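Colleague: Assemble the complex: chain A is given as a structure, and chain B must be docked to it using the hints.
Chain order of the listed sequences is A and B. Those letters in the first sequence? Residues 1 to 579, per my numbering, in order. Those letters in the second sequence? Residues 1 to 163, per my numbering, in order.
Since the hints were made in silico from the structure, they are not lab data. From a predicted model like this one, the values you see are computed outputs, not experimental measurements. Heads up, the beta-carbon is just placed ideally off N, CA and C, and yes, glycines get one too. Any given hint could turn out to be false.
Listed below are the simulated DSSO-like cross-link pairs for lysine-lysine, each with C-alpha atoms no more than 27 angstroms apart in a straight line [said to hold, decoys possible]: (1) Lys62(B) - Lys194(A); (2) Lys12(B) - Lys326(A); (3) Lys175(A) - Lys135(A); (4) Lys12(B) - Lys175(A).
To be clear about the criterion: a stretch of chain A counts as covered by chain B if any three or more of its residues have a C-beta under 8 angstroms from a C-beta of chain B, and this derived list gives those stretches [what the hints assert, rightly or not]: (5) 110-122; (6) 171-181.
Derived list of chain B stretches under chain A, where covered just means 3 residues or more per stretch with a C-beta under 8 angstroms from a C-beta of chain A [as the list claims (entries may be wrong)]: (7) 52-62; (8) 85-96.
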Amino acid sequence: MKKSGAEILIECLKKEGVKHVFGYPGGVVLNIFDVLYDEKALELILTRHEQGAIHAADGYARVSGKTGVAIVTSGPGATNTVTGIATAAMDSIPLVVFSGQVPTMLIGNDAFQEADIVGITRPCTKHNFLVNDVKDLAKTIREAFYIASTGRPGPVLIDLPKDVTAGMTEFNWPKQVQIRSYNPTYHGNKWMTKQAAQMILKSKKPVIMAGGGAIISGAAKEVKELAELAKIPVTMTLMGLGSFPGSHKLSMGMLGMHGTYYANKAVQNADLLIGIGVRFDDRVTGRTADFAPHAKIMQIDIDPTSIRKNVRVDLPVVGDVKNVLKDTLKILKEQKGQWGAVRTSWLKQIDKWKKERPLSYRTEKNVIKPEFVVEQIYEITKGNAIICTEVGQNQMWAAQFYKYDKPRKWLSSGGLGTMGYGFPAAIGAQIACPDQLVFDIAGDGSIQMNIQELATAVINKLPVKVAILNNGVLGMVRQWQELFFKERYSHVHLDTDTVPDFVKVAEAYGAVGLRATKPEEVMPVLKEALKIKKQPVFMDFVVDWKEKVFPMVPAGAAIDEMIFDEDIKKPEKKLKVVK
Amino acid sequence: MRHTISVLVENKFGVLSRVSGLFSGRGFNIESLSVGETIDPAISTMTIVTTGDDQIVEQITKQLNKLIDVIKVVDLLDVDHVEREMVLIKVSPRKEDKSEVLKLAEIFRGRIVDSGAVTFTVEITGSERKIAAFIELIRPYGIKEFVRTGKVAITREGIKKTK
Numbered sequence: 001m002k003k004s005g006a007e008i009l010i011e012c013l014k015k016e017g018v019k020h021v022f023g024y025p026g027g028v029v030l031n032i033f034d035v036l037y038d039e040k041a042l043e044l045i046l047t048r049h050e051q052g053a054i055h056a057a058d059g060y061a062r063v064s065g066k067t068g069v070a071i072v073t074s075g076p077g078a079t080n081t082v083t084g085i086a087t088a089a090m091d092s093i094p095l096v097v098f099s100g101q102v103p104t105m106l107i108g109n110d111a112f113q114e115a116d117i118v119g120i121t122r123p124c125t126k127h128n129f130l131v132n133d134v135k136d137l138a139k140t141i142r143e144a145f146y147i148a149s150t151g152r153p154g155p156v157l158i159d160l161p162k163d164v165t166a167g168m169t170e171f172n173w174p175k176q177v178q179i180r181s182y183n184p185t186y187h188g189n190k191w192m193t194k195q196a197a198q199m200i201l202k203s204k205k206p207v208i209m210a211g212g213g214a215i216i217s218g219a220a221k222e223v224k225e226l227a228e229l230a231k232i233p234v235t236m237t238l239m240g241l242g243s244f245p246g247s248h249k250l251s252m253g254m255l256g257m258h259g260t261y262y263a264n265k266a267v268q269n270a271d272l273l274i275g276i277g278v279r280f281d282d283r284v285t286g287r288t289a290d291f292a293p294h295a296k297i298m299q300i301d302i303d304p305t306s307i308r309k310n311v312r313v314d315l316p317v318v319g320d321v322k323n324v325l326k327d328t329l330k331i332l333k334e335q336k337g338q339w340g341a342v343r344t345s346w347l348k349q350i351d352k353w354k355k356e357r358p359l360s361y362r363t364e365k366n367v368i369k370p371e372f373v374v375e376q377i378y379e380i381t382k383g384n385a386i387i388c389t390e391v392g393q394n395q396m397w398a399a400q401f402y403k404y405d406k407p408r409k410w411l412s413s414g415g416l417g418t419m420g421y422g423f424p425a426a427i428g429a430q431i432a433c434p435d436q437l438v439f440d441i442a443g444d445g446s447i448q449m450n451i452q453e454l455a456t457a458v459i460n461k462l463p464v465k466v467a468i469l470n471n472g473v474l475g476m477v478r479q480w481q482e483l484f485f486k487e488r489y490s491h492v493h494l495d496t497d498t499v500p501d502f503v504k505v506a507e508a509y510g511a512v513g514l515r516a517t518k519p520e521e522v523m524p525v526l527k528e529a530l531k532i533k534k535q536p537v538f539m540d541f542v543v544d545w546k547e548k549v550f551p552m553v554p555a556g557a558a559i560d561e562m563i564f565d566e567d568i569k570k571p572e573k574k575l576k577v578v579k
Numbered sequence: 001m002r003h004t005i006s007v008l009v010e011n012k013f014g015v016l017s018r019v020s021g022l023f024s025g026r027g028f029n030i031e032s033l034s035v036g037e038t039i040d041p042a043i044s045t046m047t048i049v050t051t052g053d054d055q056i057v058e059q060i061t062k063q064l065n066k067l068i069d070v071i072k073v074v075d076l077l078d079v080d081h082v083e084r085e086m087v088l089i090k091v092s093p094r095k096e097d098k099s100e101v102l103k104l105a106e107i108f109r110g111r112i113v114d115s116g117a118v119t120f121t122v123e124i125t126g127s128e129r130k131i132a133a134f135i136e137l138i139r140p141y142g143i144k145e146f147v148r149t150g151k152v153a154i155t156r157e158g159i160k161k162t163k
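Bound conformation, chain A alone (with noise of 0.2 angstroms):
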C-alpha cells in the first residue's frame, strides 16, 4: 500500500523510537500536521516560537541521550531554527530537524515563505538534506538519524518540500544504514593507547581534564575509575561538568576563564595533562601559548578535527573516550602502580591551593547575592536537581556553587553562548524526564529572550522552576565595562526592577510567579517553589548588581593570572542608564 511522504515521515519517527517533537505549524508542512492529528504513539510539544522547539529538543536529547526531534515550516519557521541548531552544533548535540519547504517546482521562485534552509545551515549542521523524492525520503530519514547520533553527534536538517510530504510511494524502511563516506572511529589505536598507559605510570602530577565528549559517550564511570585508580586530580570544563562528581575529592571543579584558582593552578603546574573529550576552547585554555606549560598534553576525542586545532599535543587517541579509557585502564591495572606514594606531594599541593583561595563570595546583609542562591538551590535539592542556564553570570555562578554529581543534569549552551537558551531546554528536559526536578538558572536579560514559552509548560503542566538571578543588568557585560571599559555602563541596564514585573508576568500566563528581595527570603521563596508540581514557578530574585563572577582570567592572559575580587577596587559609580 502506498503511503503519503508525510505518512511515511512520522512512521520513520516511530521506527526510531521518537516519542516527543517539539515544533510549529505552517503552509507548506500542513500535510504532516495532518498525519499528527490521528498519531497516538507520538506526541507534538507546541512551543510559541521555532527557536524554543529547538532548544526543547535539545534539551530533551542531553538529559535523555536520545536524538531531539523538531518540525517546523519553511521560510521564518526555519530561518527561526539557525540559532538553536548552531547551540546544538557547538556543543554536539543529536538533532534532526524536519523544516517544510515551498514545493520543488517554486524552489528558487523566491515564493512566499521560501528561505535557503540547507544552505543558510550548511556551516552549522552535521549534515544537512534537501529530499527531491518521496521515494527518498525514508532513506534520508534513516541516515540523519544515523549522522546526527553516532560519532561526534551534532544537529542534522532535513528540508522536506510540500509536494515531497504529499506524494505517494511504497513504505520501506531501510534496516541498515551504510554511508561510504562517514566511518566514525570508535576504538582507539593500540600502540597509541599502550602510550597513554605509560604517560600515565610515568608521569609525578598529572591532571584529568574531562570534557563534554566524556558525557556524550556515557564515560562518567571510567573517568572516576580512571581518576580513583591513578589518583588523578580532575577538572573539568563548563561541557564536562557530571562528568565526574563535582563533591569527590578529587575534583577541582571547572578550570577557564571563570575555573577555580586550584584547577588553574594544576594544570599551569601539571606534568601531564589528560584532555577526555575536551577541544581545547579559548575560554579553556587562555592565552594558548602559557597553556599548561610543563605538561604533556594527551588528547581523547572521537573527533580528529579536535585534535591539535587549538593547543600543540603530544599524544592524540582517536576514539570514542568510552572506549579508549576501557583499553587504558585494562593496562594500568595490570602494572599494578603505586600510586599512592607517588601522588601523595602532587594531591598535597592542590589541597593547599584549595585551602589558599576556595571560591567565595562576600555576603552583606540586607542584599541578596548571587552566588547564595545558587548555594541554596544546592542545598534545597541536595545537588539532584536538573540544573539549565542562561548565559551570562548566571551560567558562571550556576557552575561554580552548584555540585553536580551525575552526567546529563547541567544543560547549557557551553559553545555558542545563547542566552536564552535556558528556559526551553529546561522545558524539553522536563518532557523527557517528568519526575525530576528541573530548574533554569537564569538571569534578567536571558529569561526575556524565550520568555513567551511560559505558555507552552504551563499548558503542558510543566513543573519548571525558573530562579531569576535579577541584577536590572546584562551583568557579564557590565562586569567587563566595570573592569575594562573604565565604568562606562554603555547599554546594559535593562531596567528590570520596573519592566517586567516577572511576578505578574508569570501570573498573566496562569504560571506562579514569587518574590525575594532579602537573604532570608530566598530559602523561603526556593520551599514554596518546590510545592508546586504542575505549573512553572518564575522565582525573582533581586540580586546585587555590583556582584561580579570571579575568579577571571581576563582575556588573553594565562589562565593561572587570574583576578579576585579582593584585587580591584569597588566600582565608583552608581549606575548610570546610558540610553
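Modeller: This is chain B only, laid out in the frame that chain A set:
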C-alpha cells in the same frame, strides 16, 4: 607551504558549496580548485591548491574528511604524482613580433586555437612552472587576457610516500 589536495566526493548537488564553505568559514585559502566527474559518475574529484603551515593543512585535510559527502582526501605533497594545468592566453603582438611569439608557443608545445585580425589565442598545458615561465616570456609582447583551468593531479603507479 603550498599543497595540492585531491578530494574524492559524492557527485551530488551542494557538495561544492560544502567544500568551498568550509574553506571560507574557517579562513583557509583556496588558490585554485577544479572539479570533474571520475570514472564512476557517482563520484567527483576536486583538486584544491592551498597554502598554509603544517597545522593548517592538517586541519584542512581533517575538516574535509569530516564532511559527510567526502569519501577520500589525499594531500599530494606526500605522494608521487603528475600534475597539469591548462591556460588559454590571448596575445596581441605587434605585426613584427608575431612570428617570435608563434615560435615561443611552439617551443612550449603550445597550440594556436584561435586567430583573428589583431589577436591570437595560445593553449598551453603543463606544470605550474612551465605555465608561469611561458606567461613571463610572452608578457612583453602584449597579453590581452588569460584564463587558467586550475591544477588537476593524479597519482603515479605504485604510490610511494616521498616523505
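Colleague: Each of the hints needs a verdict: does it hold here or not?
Modeller: Taking the hints in turn, this is what the structure says about them:
no. : hint                  : in the structure
1   : Lys62(B) - Lys194(A)  : holds (24 angstroms)
2   : Lys12(B) - Lys326(A)  : violated (40 angstroms)
3   : Lys175(A) - Lys135(A) : holds (16 angstroms)
4   : Lys12(B) - Lys175(A)  : holds (24 angstroms)
5   : 110-122               : holds (count 3)
6   : 171-181               : holds (count 3)
7   : 52-62                 : holds (count 4)
8   : 85-96                 : violated (count 0)
In summary, the structure is inconsistent with hints 2 and 8 from the numbered list given earlier, while agreeing with the others.
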